[in-house]
Amino acid sequence: MASKTLIPAVKGTREFYPEEMAQRNFIYEKARQASRLFGYQEWDAPFLETIELYAAKSGEELVKEQSFVFPDRGGDLITLRPELTPSLARMIAQKQNELVFPVRWWSFGPFWRYERPQRGRTREFFQWNVDMLGVNSPEADAELIAVAATFLKLVGLTPEQATIFVNNRRLMDAQFDALQISPEKRMEVSNAVDRRAKMEAAKWDEYVLELGLKREQLDGLKQILGNYDLWQQSEELIRLFNALEALGVKDYVRFDPNIMRGLLYYTGTVFEAFDVSGSVRRAILGGGRYDNLLRDVGGDPLSGVGFAMGDVVIGILLKEKGLIPAFIPSPAPVLVTVFDASLWMASYSLAAELRAEGWNVITYPEPAKLPKQFKFADRMGVKVALVLGPEEAASGKVTVKNLATATQESVARIEVSAAIRRMLATN
RNA sequence: GCGGCUGUAGCUCAAUGGCAGAGCACUUGACUGUGGAUCAAGGUGUUGUGGGUUCGAGCCCCAUCAGCCGCCCCA
Numbered sequence: 001m002a003s004k005t006l007i008p009a010v011k012g013t014r015e016f017y018p019e020e021m022a023q024r025n026f027i028y029e030k031a032r033q034a035s036r037l038f039g040y041q042e043w044d045a046p047f048l049e050t051i052e053l054y055a056a057k058s059g060e061e062l063v064k065e066q067s068f069v070f071p072d073r074g075g076d077l078i079t080l081r082p083e084l085t086p087s088l089a090r091m092i093a094q095k096q097n098e099l100v101f102p103v104r105w106w107s108f109g110p111f112w113r114y115e116r117p118q119r120g121r122t123r124e125f126f127q128w129n130v131d132m133l134g135v136n137s138p139e140a141d142a143e144l145i146a147v148a149a150t151f152l153k154l155v156g157l158t159p160e161q162a163t164i165f166v167n168n169r170r171l172m173d174a175q176f177d178a179l180q181i182s183p184e185k186r187m188e189v190s191n192a193v194d195r196r197a198k199m200e201a202a203k204w205d206e207y208v209l210e211l212g213l214k215r216e217q218l219d220g221l222k223q224i225l226g227n228y229d230l231w232q233q234s235e236e237l238i239r240l241f242n243a244l245e246a247l248g249v250k251d252y253v254r255f256d257p258n259i260m261r262g263l264l265y266y267t268g269t270v271f272e273a274f275d276v277s278g279s280v281r282r283a284i285l286g287g288g289r290y291d292n293l294l295r296d297v298g299g300d301p302l303s304g305v306g307f308a309m310g311d312v313v314i315g316i317l318l319k320e321k322g323l324i325p326a327f328i329p330s331p332a333p334v335l336v337t338v339f340d341a342s343l344w345m346a347s348y349s350l351a352a353e354l355r356a357e358g359w360n361v362i363t364y365p366e367p368a369k370l371p372k373q374f375k376f377a378d379r380m381g382v383k384v385a386l387v388l389g390p391e392e393a394a395s396g397k398v399t400v401k402n403l404a405t406a407t408q409e410s411v412a413r414i415e416v417s418a419a420i421r422r423m424l425a426t427n
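Numbering (this note's numbering), first residue to last: 1 to 427.
I should point out that these hints are in silico values taken from the structure, not numbers from a laboratory. Certain hints may be false.
As the list claims (entries may be wrong) - With a straight-line cut-off of 27 angstroms between C-alpha atoms, the simulated DSS-like cross-links for lysine-lysine are: (1) 319 with 153; (2) 214 with 250; (3) 203 with 185; (4) 198 with 375; (5) 222 with 203; (6) 185 with 198; (7) 369 with 397; (8) 222 with 319; (9) 369 with 383; (10) 321 with 198; (11) 372 with 397; (12) 198 with 214; (13) 185 with 153; (14) 214 with 203; (15) 198 with 222; (16) 383 with 372; (17) 222 with 185; (18) 383 with 11; (19) 397 with 383; (20) 250 with 153; (21) 153 with 383; (22) 250 with 319; (23) 321 with 250.
Unchecked claim - So the derived label-pair ranges between C-beta atoms look like this: (24) 37 with 295: 30 to 38 angstroms; (25) 7 with 101: 18 to 26 angstroms; (26) 71 with 115: 19 to 27 angstroms; (27) 42 with 369: 26 to 34 angstroms; (28) 47 with 405: 23 to 31 angstroms; (29) 380 with 187: 50 to 58 angstroms; (30) 15 with 178: 25 to 33 angstroms; (31) 215 with 118: 32 to 40 angstroms; (32) 203 with 7: 38 to 46 angstroms; (33) 180 with 55: 28 to 36 angstroms; (34) 161 with 368: 24 to 32 angstroms.
Note that beta-carbon positions come from the ideal geometry of N, C-alpha and C, so glycine has one too.
Turn these sequences into a full structure, and let the hints steer you where they fit.
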């Protein structure tokens, strides 16, 4: 075999053979459908950006450790985009005076992060981003969560399988204040909260105490993190859940004080969706409200809320739950066989006529034994096979065979289209 | 960047330091105008790569590359 001489694909990339491509398109289509149901507009940003764009606001780790950065021929440092939000902020800021607000935009495209590939994580991935800018309210936050929940519903995930957990940064800050955890320590404590599910309870306690918290602060923190009624102390969250109920997606959403999210720029509502059955322990999607992003890139202050979903984790999940539609190899339901060399072009003409009528038609590319051609039709998932042999040619007919039922009929050439339509209808 | 596991036929895997194998898949035929099922026949490999130990290495040792799983971080 030639395997020795094959140049391998770049580490952490995925190759989309037609079956994987169909899966990716399934996810894309459902994301598109959910976005459009709420009236969001599709948009995109450059895949290449300068490193300065991310240096301004993204986390240091994301820029320094996890970005693909390389000099272009002029010596400028170019970055393969690791996230979309900074580009969004710039594009909004550039046209801040002409856009119709609120802006409701969605996007689905490739991103790159230089990470160690592992389950649910690749270096090249596709991400669905949905954002609303120009409205700062819990009701707007609820709409974004509803878009996410609608997606989960559209792909067939039930609330028992996938749940969106919600928290609020301001609420948690108030709680931390009450415990007299200093603002400088909030970040570290937040990170600790993020990691809590992955650590043993005793070890986590130890870890938090090492951060400099006192024993009673730790106890207080644990009390907060175990209080699932805490949302009732937040006017924002009360309004949020009220709106979620009206939007018909409350089943998918639960308050959870343990949801923090590492990203610096979230200021209010934060949320993350997880596979509740627990096979993939990574977030399916995550998002929240960001108040300062536009100002940080040099625009006028403008609040936004949004979320992102990578294609990798949701792909694993959908596959596991059997929610990816069966793969049909050929997009053509009709195969025209080629009986022999003398009738080859007659078959091609027949195929051309059917295409002119709007059918997707695949031909066998050369004369071959019929068993071989039928086997090919079968492997390609074709529903109907046409035979134009000497008998048919002599009588001006075409044999139309329904591969699912193994029945066939010989019909006049002008009747072929109707015969195909009948067979496809009964399948 | 750190830790662990695994690399054998196209795929999934087996082989006590002693002749490198099985199932599936594939090709052909049974069947010269009809697919899936069945049966028969057939091909298969520098055992990831490079060194070392040994009379002898798929197996042991070292290095290297790749993949997977976890840490970090996050979609």
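Hints, verified against the model:
Restraint check for residue 319 and residue 153: satisfied, since their Cα atoms lie roughly 15 angstroms apart, inside the 27 angstroms limit. Restraint check: the Cα-Cα separation between residue 214 and residue 250 comes to about 37 angstroms, which exceeds 27 angstroms; the hinted pair is violated. At roughly 19 angstroms between alpha-carbon atoms, residue 203 and residue 185 fall within 27 angstroms of each other, so this suggested pair holds. The straight-line distance between the Cα atoms of residue 198 and residue 375 is roughly 51 angstroms, outside the 27 angstroms bound, and the hint therefore fails.
Of the pairs offered as hints, the one joining residue 222 and residue 203 holds, with about 14 angstroms between alpha carbons and a cut-off of 27 angstroms not exceeded. For the proposed pair residue 185 and residue 198, the alpha carbon gap of about 21 angstroms is at most 27 angstroms, so the pair holds. For the hint pairing residue 369 with residue 397, the CA-to-CA distance comes to about 20 angstroms; that is within 27 angstroms, so the pair holds. For a cut-off of 27 angstroms, the pair hint linking residue 222 to residue 319 is broken: about 36 angstroms separates their Cα positions.
For the suggested pair residue 369 and residue 383, the alpha carbons sit about 19 angstroms apart, so the restraint of at most 27 angstroms is met. For the hint pairing residue 321 with residue 198, the CA-to-CA distance comes to about 24 angstroms; that is within 27 angstroms, so the pair holds. The straight-line distance between the Cα atoms of residue 372 and residue 397 is roughly 22 angstroms, inside the 27 angstroms bound, and the hint therefore holds. The suggested pairing of residue 198 with residue 214 holds, with an alpha-carbon distance near 22 angstroms, which does not exceed 27 angstroms.
For the hint linking residue 185 to residue 153, the alpha-carbon distance of about 39 angstroms lies beyond 27 angstroms, and the restraint is violated. Among the hinted pairs, residue 214 with residue 203 is consistent with the structure: their alpha-carbon atoms are about 16 angstroms apart, no more than 27 angstroms. Restraint check for residue 198 and residue 222: the C-alpha separation of about 15 angstroms stays at or below 27 angstroms, so the hint holds. Restraint check for residue 383 and residue 372: the C-alpha separation of about 16 angstroms stays at or below 27 angstroms, so the hint holds.
At most 27 angstroms may separate the alpha-carbon atoms for a hinted pair to count; residue 222 and residue 185 meet this at roughly 16 angstroms. For the given pair, residue 383 sits about 39 angstroms from residue 11 by alpha-carbon distance, which is inconsistent with the 27 angstroms threshold. Proposed proximity of residue 397 and residue 383 is supported: the alpha carbons are some 20 angstroms apart, at most 27 angstroms. The suggested pairing of residue 250 with residue 153 holds, with an alpha-carbon distance near 12 angstroms, which does not exceed 27 angstroms.
Under the criterion of a C-alpha separation no larger than 27 angstroms, the hint pairing residue 153 with residue 383 is inconsistent with the structure, at around 30 angstroms. Distance hint between residue 250 and residue 319 is fulfilled; the C-alpha atoms sit about 25 angstroms from each other, no more than 27 angstroms. Restraint check for residue 321 and residue 250: satisfied, since their Cα atoms lie roughly 22 angstroms apart, inside the 27 angstroms limit. The supplied range of 30 to 38 angstroms is met by residue 37 and residue 295, whose beta-carbon atoms lie about 31 angstroms from each other.
For the pair residue 7 and residue 101, the supplied restraint of 18 to 26 angstroms is violated, since their beta-carbon distance comes to about 49 angstroms. For residue 71 and residue 115, the hinted distance range of 19 to 27 angstroms is satisfied, since their beta carbons lie about 22 angstroms from each other. In this structure, residue 42 and residue 369 break the distance hint of 26 to 34 angstroms, their C-beta atoms being roughly 48 angstroms apart. In this structure the hint that residue 47 and residue 405 lie 23 to 31 angstroms apart at CB is violated, the actual value being about 48 angstroms.
A C-beta distance of roughly 55 angstroms is found between residue 380 and residue 187, which places it inside the suggested range of 50 to 58 angstroms. At about 52 angstroms, the CB distance of residue 15 to residue 178 disagrees with the hint of 25 to 33 angstroms. About 36 angstroms separates the C-beta atoms of residue 215 and residue 118, a value consistent with the hinted range of 32 to 40 angstroms. In this structure the hint that residue 203 and residue 7 lie 38 to 46 angstroms apart at CB holds, the actual value being about 45 angstroms.
Distance hint for residue 180 and residue 55: a CB-CB separation of about 34 angstroms, consistent with the stated range 28 to 36 angstroms. One distance hint, 24 to 32 angstroms for the beta-carbon pair residue 161 and residue 368, is violated here, with the actual separation near 47 angstroms.
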